[in-house]
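Student: The chain contents come next:
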Amino acid sequence: MLPVRCFSCGKVIASGYEEFKARVEAGEDKGQVLNDLGYSRYCCRRMLLSHIEMVDVIAPYQ
Amino acid sequence: MDIDIIELSKGSAKFVLSGTNPAFANGIRRAMIADVPTLAIEYVNLYDNTSVLYDEQLGLRLALVPLTTDGDYVPQSDCDCGAVDGVGCPNCEVSLRLDVEGPKMVYSGDFISADPKVRPADEKIPIVELKEGQRVMLEAIAHVGYGRDHVRWQAGVACGYKHLPTVEVEPCPECGNVLVECPEHAVFMARSIENLTEKDELKCIKCGNVRHIFDLTDPSLKVTYDQHTFVFSLESDGSYSASELILKAADVIKGRAQEFSDILKDL
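Protein chains in written order, with the working numbering: chain G, 1 to 62; chain C, 1 to 267.
If you are wondering where the hints come from, they were derived from the structure by calculation, not from laboratory data.
Just so you know, not all the hints are guaranteed correct.
BS3-like, lysine-lysine: derived pairs with alpha carbons at most 30 Å apart [said to hold, decoys possible]:
1) C:162 x G:21
2) C:10 x G:30
3) C:10 x C:117
4) G:30 x C:254
5) G:21 x C:124
6) C:124 x C:104
7) G:30 x C:117
8) G:21 x C:254
9) G:30 x C:206
10) G:21 x C:104
11) G:21 x C:131
12) C:10 x C:254
13) C:10 x C:203
14) G:21 x C:10
15) C:162 x C:254
16) G:30 x C:203
Given the structure is predicted, the values throughout are model-derived calculations rather than measurements.
So that you can see chain C by itself, here it is in the shape it has in the complex (with noise of 0.2 Å):
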């Protein structure tokens, strides 16, 4: 298996994914959506909201913040204190406050916390505007979860994958139509039809407009797609950066693995 990193930012990642089959590429991609543990926002003790939301729409907007998630914390369900009704020890929450007088725009960015290691990943996030004598002061109570549960826990924003795809030409007549009917030139990088291939296959997004120029038969073209080979682009939400999303994501399978392997040698 290898990996080529086409993009890598703190946000965001592209890469291409060879030499694996599509149920581990898909494992990856689920693991990133839905089992990498972050903290956000699950219960808010609300002390004075003259806003103009409701509490729930305030509560609900606020469990929606990414917080940046320090690995030291566990999910409730995992921690030995043994919370009961989301009331848990410091090892399983963190504690968050808020207390804004209007005239204001509240922020994200307005949070005090208790752990100086967690605190919103954004800190422009618009929460609520209040007017000349509102008012909002709150306790948020953040805990671990896992995406799969809510999308407040969700890290791995728009994970995605699609096969390589192999785009073989050979000049012909008709070539030309081929520039104009691949939408912008994703793909084929030369404008003319004698280096037609110049190409470049990871922008492919399989329109399939080149269809009614050639037969599906002709093989002037042929446009097929490597079974092993996977092009990834995923977005974090701010909570982890996009490389420690994905090796925690494979961390997690790794781990299910383990315990599916230890489960098979107890029977």
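Chain G with its partners taken away, still in its complex shape (with noise of 0.2 Å):
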């Protein structure tokens, strides 16, 4: 799961997974999408566009 908050700042960031990744899925450009999202900084950027996402990885071993 995506952290809630930004490591740097604390900005809340995880509200904005979904649509990044939904976006970005249907090709568009993740930088576009990050500014539409508001989120300016860079350690907010690196947030969204370093996640990996584990959930469906570990959920067979529960």
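Hints in hand, dock the two standalone chains.
Tutor: Structure representation (structure tokens):
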């Protein structure tokens, strides 16, 4: 799961992740989506850009 | 002391504070980050958690969800009930329940709060994804706290200020290069040397890129900083609106000054 807040500045970022994911998968430019979502600082941007979703990997071993 | 608002929305603000000193500006900044009390989840009673996250991880995620804060609640340390081990009274704690069964994404909006005025500021924060047969049932207890103790109570996000730059330019043959060197024409709005003085100093990021064009002693371009004027920018995490946050930070400083003056009087 994406961390709820940005590690560096504390802005709540998790709420934009689903939109980010959906729009990037639809072929939009990542930087543009981040701008639209209002994540202007690079600390917040790296949170979304570098995230790897692990829930589906771990779930079978519960 | 004067305040000029440049931008003000629910979640963020930008303003120019003039006629004061760095100590006061920094005091406001620090108060917004650390000293404005907010509500956040501090204790979680877990009745069932078969999700992919450990209890502790789940607890951490819940704690970071900003809650809309109502002024009626007091920090436990100041409460008359004399809270022991985090168990307080209706004046100092709010209970939020969460009971979700998979397959479903659990959102912050799924919380059922005991007080309708206290609810997650953002309803779309994913807490955990539940697969078939997984379940989360818990009761979260929110307390009032301060940002200096933990990030969960930090109301102001990315609060910062800079001195107001003053840029003075006398058009000269080198000035065309200034336009190029200034990042994305941030300060110099003009596209030609003739009207180079048309500038937006608020956008200056003190990059210093133009220094290699001009000798620092060259009078054609002078960048100085007004030591008594500050360009503030801040965001709120959602527990308060940006304007409320600024006002509360000012109240905190006022309260402290009052306390200090009372102590001095008693000496």
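Student: All the hints need checking, so say for each whether the structure fits it.
Tutor: Evaluation of the provided hints:
no.: 1; hint: C:162 x G:21; verdict: violated (35 Å)
no.: 2; hint: C:10 x G:30; verdict: holds (26 Å)
no.: 3; hint: C:10 x C:117; verdict: holds (17 Å)
no.: 4; hint: G:30 x C:254; verdict: violated (44 Å)
no.: 5; hint: G:21 x C:124; verdict: holds (14 Å)
no.: 6; hint: C:124 x C:104; verdict: holds (13 Å)
no.: 7; hint: G:30 x C:117; verdict: violated (36 Å)
no.: 8; hint: G:21 x C:254; verdict: violated (45 Å)
no.: 9; hint: G:30 x C:206; verdict: holds (28 Å)
no.: 10; hint: G:21 x C:104; verdict: holds (17 Å)
no.: 11; hint: G:21 x C:131; verdict: holds (19 Å)
no.: 12; hint: C:10 x C:254; verdict: holds (24 Å)
no.: 13; hint: C:10 x C:203; verdict: holds (22 Å)
no.: 14; hint: G:21 x C:10; verdict: holds (25 Å)
no.: 15; hint: C:162 x C:254; verdict: holds (23 Å)
no.: 16; hint: G:30 x C:203; verdict: holds (25 Å)
Taken one by one, the earlier hints fail for this structure at numbers 1, 4, 7, 8, listed in ascending order.
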